[in-house]
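Enquirer: Sequence:
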Amino acid sequence: MAENDSCIKRSAIILTAFGLFFVTWYFNLGVRPFANFISTCKSIHYILHYLIAGIIPAAALLLLHRPDTILYRLGLTHGFGRGLLFGVLSTVPMFAGYAVIGSFNRETPPDHMFTFIVVAGFFEELIFRGFVFGELFRTARWGFLPAATLTALAFGSLHLYQGDDLISASAAFGVTTAGSIFFSWIYVESENNLWSVIWPHTLMNAPWMLFSGSGSGAVGGLWANSLRLCTLLIAIALVVIYKKRKGLPYHISGKTLIINRQYV
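Numbering (the working numbering), first residue to last: 114 to 377.
Since the hints were derived computationally from the structure, they do not count as laboratory data.
It is possible that some hints are incorrect.
What the hints assert, rightly or not - Here are the simulated BS3-like pairs of lysine-lysine, each with C-alpha atoms no more than 25 Å apart in a straight line:
| no. | residue 1 | residue 2 |
| --- | --- | --- |
| 1 | K357 | K368 |
| 2 | K368 | K122 |
| 3 | K356 | K368 |
Unchecked claim - Here are the simulated distance ranges between beta carbons:
| no. | residue 1 | residue 2 | range |
| --- | --- | --- | --- |
| 4 | T221 | I354 | 14 to 24 Å |
| 5 | D181 | E304 | 16 to 26 Å |
| 6 | P222 | S281 | 22 to 32 Å |
| 7 | L346 | L142 | 33 to 43 Å |
| 8 | L184 | T153 | 27 to 37 Å |
| 9 | L142 | I354 | 27 to 37 Å |
| 10 | G194 | L273 | 46 to 56 Å |
| 11 | K122 | D277 | 38 to 48 Å |
| 12 | V377 | I214 | 41 to 51 Å |
| 13 | E116 | I168 | 27 to 37 Å |
| 14 | K359 | S281 | 37 to 47 Å |
| 15 | K122 | Y363 | 25 to 35 Å |
| 16 | F147 | E304 | 35 to 45 Å |
Ideal placement from N, C-alpha and C gives every residue a C-beta, glycine not left out.
Generate coordinates for the entire structure from the input sequences, incorporating the hints supplied.
Expert: Listed below in structure tokens is the structure:
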């Protein structure tokens with residue numbers, strides 16, 4: 114009973130913090146006072162936007178963990194190089210394929226490129242994977258399915274704007290929701306190495322932005338999505354090979370699917 118009460122309290126802290134973050138971020142509440150000073154630089158706007166809104170989940174983490182363990186709990190203290198190699202190998206089909214089916218994008222300003230490739234990739238994974246999913250799954254002991262699904266629905270809703278109508282918006286939502294669940298699986302099975310999802314996310318964003326004609330919004334065309342599917346399959350294969358070589362168990366199982374009774 115005491116353990117259940119503790120999980121409920123932790124869940125309340127995480128969900129409240131995420132709800133406040135989501136509202137602050139979605140409605141630009143944190144950066145409105147600075148709008149006149151940063152309107153010309155998109156990357157500064159986004160970074161400041163995330164940093165201000167991120168104070169809320171940071172406070173929640175301080176309530177849940179000792180300060181010296183927070184970066185470890187998020188998965189930022191280990192596996193930087195391994196995550197980079199994993200991301201590079203996984204995204205080879207996208208870089209090679211998009212270069213063939215598209216043309217180099219000379220229209221998007223470098224500042225916008227940096228924002229949507231690097232800033233978005235890092236902060237989205239830090240908040241949605243490291244904080245929301247990771248804390249619900251490991252700290253509040255939610256199962257993988259409910260924790261990953263809630264995270265994915267919230268993440269997908271942020272990409273509805275990429276659709277021009279109901280059908281395309283729904284497609285963008287579906288693609289990003291599925292991608293979020295996939296990245297949650299990668300995160301857990303890579304031993305909570307957040308770099309193993311930050312790097313693939315960032316490097317998947319890169320060809321999407323660098324080459325025009327590779328797709329539209331989060332959805333893309335047949336060839337673009339075929340290449341993205343190849344990237345996901347390579348990522349899965351790399352995880353399987355890594356675990357087999359290291360003799361590591363899979364953490365997503367019957368004991369962690371609905372309620373996390375085992376993995377912390």
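Enquirer: Indicate, hint by hint, whether the structure satisfies it.
Expert: Status of each hint after checking the structure:
Only pairs whose Cα atoms come within 25 Å are accepted, and K357 paired with K368 is accepted, the gap being roughly 21 Å. Proximity of K368 to K122 is assessed by CA-CA distance (about 22 Å); at most 25 Å being required, the pair is judged to hold. The hinted pair formed by K356 and K368 meets the criterion: a straight-line CA distance of about 19 Å does not exceed 25 Å. T221 and I354 have their C-beta atoms about 36 Å apart, which leaves the hinted 14 to 24 Å range violated.
Checked against the given bound of 16 to 26 Å, the beta carbons of D181 and E304, roughly 20 Å apart, stay inside it. At about 25 Å, the beta-carbon gap between P222 and S281 stays in the expected band of 22 to 32 Å. Checking the proposed 33 to 43 Å range against L346 and L142 shows it holds: the Cβ atoms sit about 40 Å from each other. Separated by about 33 Å at the C-beta atoms, L184 and T153 satisfy the suggested range of 27 to 37 Å.
At roughly 45 Å, the beta-carbon separation of L142 and I354 lies outside the given 27 to 37 Å, and the hint is violated. Checking the proposed 46 to 56 Å range against G194 and L273 shows it is violated: the Cβ atoms sit about 35 Å from each other. The beta-carbon spacing between K122 and D277, approximately 43 Å, falls within the hinted interval of 38 to 48 Å. At about 44 Å, the beta-carbon gap between V377 and I214 stays in the expected band of 41 to 51 Å.
About 30 Å separates the C-beta atoms of E116 and I168, a value consistent with the hinted range of 27 to 37 Å. Roughly 42 Å separates the CB atoms of K359 and S281, a value that falls within the hinted 37 to 47 Å. The supplied range of 25 to 35 Å is met by K122 and Y363, whose beta-carbon atoms lie about 29 Å from each other. Checked against the given bound of 35 to 45 Å, the beta carbons of F147 and E304, roughly 38 Å apart, stay inside it.
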